[in-house]
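2 protein chains.
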Amino acid sequence: MNGAQSLIRTLVDADVEVCFANPGTSEMHFVAALDTVPEMRGVLALFEGVVTGAADGYARIAGKPAATLLHLGPGLGNGLANLHNARRANTPIVNVVGDHATYHKQYDAPLESDIESIASSLEGWVRRSEHTKDVGADAAAAVAAAQDAPGRVATLILPADASWGEGGETCAPIPPRVPQAVDATTVKDVAAVFGTGEPVALLIGGDACREEGLRAASRIAAATGAKAFVETFPSRLERGEGLPTIERLGYLAEQVTYQLDGIKHIVIAGTKAPVSFFAYPGKPSDLVPEGAQVHTLASVGQDVTRALNEVADLVAADTEPELQQASRPAVPSGPLTPQNWVDVIGATLPDNAIIADEANTSGLMLPAATAGAPRHDVLTLTGGAIGYGMPVATGAAVAAPERPVLNLQSDGSALYTISALWTQARENLNVTTVLLNNRAYAILRLELQRVGAQGGPKANELLDLSRPDMDFVKIAEGMGVPATRATTAEELAEQLQRAFAEPGPHLIDAVVPPLL
Amino acid sequence: MNGAQSLIRTLVDADVEVCFANPGTSEMHFVAALDTVPEMRGVLALFEGVVTGAADGYARIAGKPAATLLHLGPGLGNGLANLHNARRANTPIVNVVGDHATYHKQYDAPLESDIESIASSLEGWVRRSEHTKDVGADAAAAVAAAQDAPGRVATLILPADASWGEGGETCAPIPPRVPQAVDATTVKDVAAVFGTGEPVALLIGGDACREEGLRAASRIAAATGAKAFVETFPSRLERGEGLPTIERLGYLAEQVTYQLDGIKHIVIAGTKAPVSFFAYPGKPSDLVPEGAQVHTLASVGQDVTRALNEVADLVAADTEPELQQASRPAVPSGPLTPQNWVDVIGATLPDNAIIADEANTSGLMLPAATAGAPRHDVLTLTGGAIGYGMPVATGAAVAAPERPVLNLQSDGSALYTISALWTQARENLNVTTVLLNNRAYAILRLELQRVGAQGGPKANELLDLSRPDMDFVKIAEGMGVPATRATTAEELAEQLQRAFAEPGPHLIDAVVPPLL
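Order-wise, the sequence lines are chains A and B. For what it's worth, the working numbering labels the leading residue of the first sequence as 1, then goes sequentially. For what it's worth, the working numbering labels the leading residue of the second sequence as 1, then goes sequentially.
You may find that some hints are simply not true.
Which copy is meant is left open, because identical chains are indistinguishable; a pair holds if it fits in one copy or across any two.
With a Cα cut of at most 30 Å, we get these calculated BS3-like pairs of lysine-lysine [stated by the list, open to error]: (1) K105 - K227; (2) K105 - K133; (3) K283 - K105; (4) K133 - K458; (5) K64 - K458; (6) K264 - K105; (7) K272 - K458; (8) K64 - K227; (9) K272 - K105; (10) K133 - K283; (11) K264 - K227; (12) K64 - K264; (13) K227 - K133; (14) K283 - K264; (15) K283 - K227; (16) K272 - K283; (17) K272 - K188; (18) K105 - K474; (19) K283 - K458; (20) K227 - K272; (21) K264 - K458.
Simulated from the structure, these hints should not be mistaken for lab results.
Based on the sequences and whatever the hints tell you, model everything.
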């Protein structure tokens, strides 16, 4: 057994059964070893940002890590933006980066690169597996490190000779560290905050955005009058009919200030205290209202759901959560607008869908329009590195082939990782992409104003995507994905229903004017 | 004057007059400042790998740096692969990476990232410009560092508040370090090597691949019987009618072993001793033949052209260089093959063209077919990070709008940075892309065999691009670039001539079967 075979066998034994890959020469023994371990599925992507984003989307839905396969420093670099998003989502990923053979590094061949420096920027787990006999044990350690609560990117650097050498040994799975329980005193102290009579906001994140945490938060809010919020960019938010609808904290500092107006206590559960996404001249970065106290119930990585349940049992023993009734908007009519397209989504969303949301400015009114739709998951842009939607949708569809995946994708963000469409076609994934084509970096038009910069024609030119207009129908078809164009609400509804009904990927180029 | 204005003004004063940009919120004051410095041209790209590759191609042709504008760690990550290639090309680039405001970093907002670690992997120059009043001086230092011989990537990290703050001061250009002259003793000692009567190889690289260095190398070879070679992946190689034709060292170790067979002395001029691109089990990494001596005439960063001229004056005082006669293949006929498409290029290449060569396996026979074509420059994949061709062609066309740019682009490498086509359309650049569509990662099929890995069906699946086939005509048209498909040599020739005759970008999807 060579090192690569021991690596893949160890991964499979630890229940890592998908590898998103964009390999090169130094990874050829890993690629060849896939044929010796039939349980491992290899999924090819044409760009590493698709590989890493797909691994993120996969794990958010599967609840366990996928592996990646990347080619030296440049491959890791290309994958870095979506690994950044995964880091912010606390997504477990086993990131395998091939490198030159150990004895070859001294020659400074063209692809020689400082993989450790690049990987270290992810603040996760990094190990170089220098010896064939250690590769299995290092792989098992990587899987555990990826899954140690709350989850992280574990990067295993695999020199080519460690991969091709004989003498590989598989290693049994290492149990990851489970989330640490919150101590009883903290639970009691935080419960008391809800009894002060002063206005309280409860801000939940991480695993608390799943059904059990939402129910506990809803009970607390209903019983105590606290305002409950979900963190701005949850990794995975369960919502829709039969679940509590809890408002997300806004992206814009102005929104958050409005949402938290008058609050005297903020209870943090599974996330961090609210801060501004960017700095703006003369505006605060810290969004905790002046004079408000922050109380941490559960830090990121602690067992937030259990802690919320314990608080709920103290302050809301007899209170049921407030559950969302079924309610869909009617299909609107006429030309698509930033206001009406979200109603089309609300009207047509199928049961048990997964939404990979990179609608950005176009999606401002999406939450209201879909609150009463059938139960669904929403995956969001946790790290702010655009180009996440298409890959994450791809990985989510690999994780849940039976579920419809809806990728709401703004045009400006689409081009970073557009080749995800090809992987969707290749794997016949049930992903429907609604490409929100407003022909602008609309969010930057807004941000240019918000930072107080005085832009002229040259500045505006750098935020404009209309010269030339992109034809996403042709681009999608060029990558093997059937595509149509919708300019009216009726067309969008009809095309969505057709796309959901037919297996495999589809793209709808939805011509929606910019909000601004 | 704010910091951003002082930065751009300082860049322009130092003759940096193009900025390839993919900005975000933290760069909005830089974007706005473009309107106050009319001499700076902003060129928008939809992905950072296009930004950095374009900056590389620009500098290789313009002989001076462009600036980039990137958005925090994820933006730098996306640009890293082509910065790696630029590093290997010793290309001067002024890499501007926006960051959060200094006071905002403590809040660990979603885009907070370890920019320094990522930038340090490039082994260039990195500085964070913390104070508005220092931004101009730091920019001048960055331009100088980028241009200090032999050239490098200089990364200036620009916090948003340093950018928007008032009190910016421009800084006069700082003269960069020119290449160090080779001392007379070394010149004399190396000249003596050519007189030993033993077989000598002269391996030139860097600036020696331009006309003057090629002429000196040709004289030395003609007078002494030494075999002259150009390094495997030169940054910019001048060739064609009227210039010496000097063979490039091969990519495959087996080729190099053949080329250097029997050599007893290798004289290195402006490059490094030959090493294998990758390690292969049981094969040497060091490609210097056993028993051969290596003599360094000029290291990378020394004045290699002058040193070659001095050696030539000692050993070849009365010898003229051997200059290539005009000679073009006839346009072949029939279906395209890996053998005949290069003849179409040789037959149709216009005067004074720039070839951005990422043909990979498809281009094996290109050098012979174009040796006697009109004089042209060839830009090559210096660092092995694929996805370089389209961006480098884009930047080269910005640098030399009057010259025809021909991008020979393999399909497997195209999808990394495909949105370069959109920038070509937007800027109406004279780039003709020949997309060599062999529907495979053909080089990896070869490498799978060469590393001795036994691949089965799953491995072959990961090297196959034919499921689904990509339609590059549609993809290009979707990005605003007119496109046609060629399946015969006649069609390719006719479409090439049409593309060269018409201003603006074109793409030809050339259906060429794989070599293997």
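Does the structure break any of the earlier hints, and which numbers would those be?
-> 7, 8, 12, 13, 18, 21
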